Amino acid sequence: MTEIKKPVKKPRGKACLVAGKCIACGARCQSSCPVDAIEMNEAGEPIIDMAKCIGCVKCVKVCPAQALDMFFTPEEQQLLDQLMQAGAPQVEEVDAEAAALAARLAAYRGVWVFVEQTEGEAAKVSWELLGKGRELAAALGVELAAVVIGDNVAELCSEAFAYGADKAYLLDAPVFRHYRTESYLKGVCHLVERYRPEVILMGATGLGRDLAGAVATVQKTGLTADCTGLAIDDRRNLMQTRPAFGGNIMATIMCDKYRPQMATVRPHVMAMPERQEGRTGEIVRESCPMAETDILVKVLEVMSDKKGKGQIDIAGADFIVSGGRGMMGKENFAMLQELADELGGVVGASRSAVDAGWMPPERQVGQTGKTVRPKIYIACGISGAIQHLVGMQDSDTVIAINRDREAPIFEVASYGIVGDIFQIVPAMTARLRELKQAKNK
Amino acid sequence: MKLLVCIKQVPDMESRFKVNDGGDWFADADLAYRMNEYDEYAVEQAVRLKEQLGDTADVTVLCIGPDRVVEAIKKALAMGCDRGVHVPDAAVHLKDPWQVASAIAAFAQGKGFDLIFTGMQSQDRGSAQVGVTVAELLGYSCASTVVGFDYGAGAVTARRELEGGVKAVVRMPLPALATCQLGLNEPRYPTLPNIMKAKKKEIVTVPMGELLKEEPVATTTRFYPPAKKGGGVVLEGDVGDLADRLLGILKEKTTVLR
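In order, the protein sequences belong to chains Y and L.
Residues 1 to 441 (our numbering) make up the first sequence, in order.
Residues 1 to 258 (our numbering) make up the second sequence, in order.
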């Protein structure tokens, strides 16, 4: 044992206002202050309570006009100079705040995927998320768990195992029969508080968006909606990438101070994982006591617009033949339908075709419509506005037919055909028919 | 009955967006702004409810943002809202949905709003979080992605859009919040007389500092244009020839023709 040197504490100083620089930005310094040492005067400039200031430099960092600076007393300045001369202290004071934060975050471990179900049938997006969740869990070195909530839904747990979950947390009670924000919120929060996952993924569906928003609010944590990319950085943070401005700009968002980190992902954005028959896992049955009478919102009925021969679900189709403004009129969509029929696919549309009344809104592909990921996407007379592209660019193969060689659709197309749709599409349909007839003979 | 509509002003989505020098938002030069499409449905629904209830209803429209957002408030007033609230904040784009919702909730707290309407999401950020978060913070019942709305006997009956063409009908007591989705209604165009009348309506300014006490929970770390996929093969030529080559591609890529 040699002598123990007590490191000289580096003075932290106090924040002070640099006269004439404040732009009255709207009290950013005040909201950043962890000890409420800043009050705003009538002109919107900060008044700093020196007795309260702990010199954390947060306000200085947040100020957009560099109007705040650290102020040291002459004694402190002298001490600083000495320290400088001593060759910059090696003991950069371990930031107590950062250590506390790290400890708080470390209490959360594991990746969860919320399994969305309607009347016992799981939404496919949940399985897609298990695929992505598997990757994230591997990167973090933790287990992947499914969260299954409903009434008589235990069999969904084994489904979840087949798609990659190691564990399933199950809340099975009549009160969870229909989705209601209140009951599901309580259920999920109950599980989160008990088992503390570091990442929760949900589908960006009507239900998922609703539930994720509520859970994030109650847990006071960050949520990023409609992510298109998820990855883990070197500090165990989830890097969440999502398009903004109708896909014109991508933003990467992190929630590095709060847990769990929550993200929603639209259906068909992530690839469907391979189903592994016979894969098993551990089911953790939980209960969350809740009486039906406690829930204010009642579900009166669940309606389905499915008419007769079944609703066309363009989001789930393997072949999509889509038409845009270049189709010139409603009647010309019959031509696309013929081609789609030959391929066993469905007809989609761009927003301009929907706005023109040529196709119903549920056929719309793009930012405000559906995100699709078919094997083959044939875009006919679609110029390819970015809002459309974000809805279909992950298709396996994109074939674009357009008269305008400069159309942006060609930038995402695997095969671009410059030509007249009114000649090419019927020609293709005819060839397909010939081929099939030849085969049937 | 007191109604609150929360609106946002967004850049026109047809604009060409570029990342700004700071790398945290888009460059806002030469952009045209308009009221967020989904918020127009919210305004329209609030005004319709006011027309249904008569003069007992009072509609407040709230917008956070720089001075230009007053234009959006004026449009809402011309559509029929009674009073406007502007929360000036030149840096609202740097705040996360949690902070924006906290500010709105702080404004609405204790003011006794019976119903709050918001858009389902904004066209620019599109996080679809502010509405539900406000409801949760205020302890209001909430229905999101609403495509049908009816009020009677002290309760709201709303049609919610779920996935795959499924809709749910929910009934919720007041106070409540609804986030409005495309298809709920057709927003009216402000008429000239109404635009003139709107000029006399009051717009109160509430400083952001009074409302926002929260730190962000999520931070944007990178902001960049999407990667361009390398363009594929471009085919040109005779129609018959093109059709043959397309068939070849389909044969190669799929099993339909085998």
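Calculated from the structure, these hints are not laboratory results.
Being a predicted model, the structure only gives us computed values, none of them experimental.
You may find that some hints are simply not true.
Below are the DSS-like pairs computed for lysine-lysine, each with C-alpha atoms no more than 25 Å apart in a straight line [as the list claims (entries may be wrong)]: (1) K167(L) to K124(Y); (2) K251(L) to K58(Y); (3) K58(Y) to K10(Y); (4) K375(Y) to K251(L).
To spell it out: a stretch of chain L is covered by chain Y in this simulated footprint if at least three of its residues, at any positions, have a beta carbon under 8 Å from a beta carbon of chain Y; those stretches are [said to hold, decoys possible]: (5) 92 to 106; (6) 142 to 149; (7) 201 to 207; (8) 245 to 252.
Negatives, chain L to chain Y, calculated, CB over 10 Å [claimed, not checked]: (9) G80; (10) L137; (11) A153; (12) R160; (13) K167.
For each residue, glycine too, the CB sits at the ideal point set by N, CA and C.
Practice problem: Taking the shortest Cβ-to-Cβ distance between A153(L) and chain Y, state whether it exceeds 10 Å. | Solution: The claim holds: A153(L) sits with its nearest Cβ about 14 Å from chain Y, beyond 10 Å.
Quiz prompt | K167(L) non-interfacial with respect to chain Y [C-beta, more than 10 Å] | solution = 5 Å, violated
Quiz item: Do at least three Cβ atoms from the segment 142 to 149 of chain L come closer than 8 Å to Cβ atoms of chain Y?
Solution: holds (count 4)
Self-check item: Coverage of the segment 245 to 252 of chain L by chain Y (three or more Cβ within 8 Å)
Solution: holds (count 4)
Quiz item: Beyond 10 Å from chain Y, beta-carbon-wise, is L137(L)?
Solution: 6 Å, violated
Quiz item: Given as covered by chain Y, does the segment 92 to 106 of chain L meet the bar of three residues or more with CB within less than 8 Å?
Solution: holds (count 4)
Self-check item: Distance restraint between K167(L) and K124(Y), which requires alpha-carbon spacing of 25 Å or less
Solution: 18 Å, holds
Self-check item: Proposed proximity, K58(Y) with K251(L) (alpha carbon, max 25 Å)
Solution: Violated - the C-alpha atoms of K58(Y) and K251(L) are around 61 Å apart, more than 25 Å.
Quiz item: Between K58(Y) and K10(Y), is the straight-line Cα distance small enough, at 25 Å or below?
Solution: This hinted pair holds, its Cα atoms lying about 17 Å apart.
Quiz item: Is the nearest Cβ of chain Y still more than 10 Å from the Cβ of R160(L)?
Solution: 6 Å, violated
Practice problem: Take the C-alpha atoms of K375(Y) and K251(L), compute the straight-line distance between them, and say whether it is at most 25 Å. | Solution: 12 Å, holds
Quiz item: G80(L) clear of chain Y by more than 10 Å, beta carbon to beta carbon?
Solution: 25 Å, holds
Consistency note: the structure conflicts with the earlier hints numbered 2, 7, 10, 12, 13.
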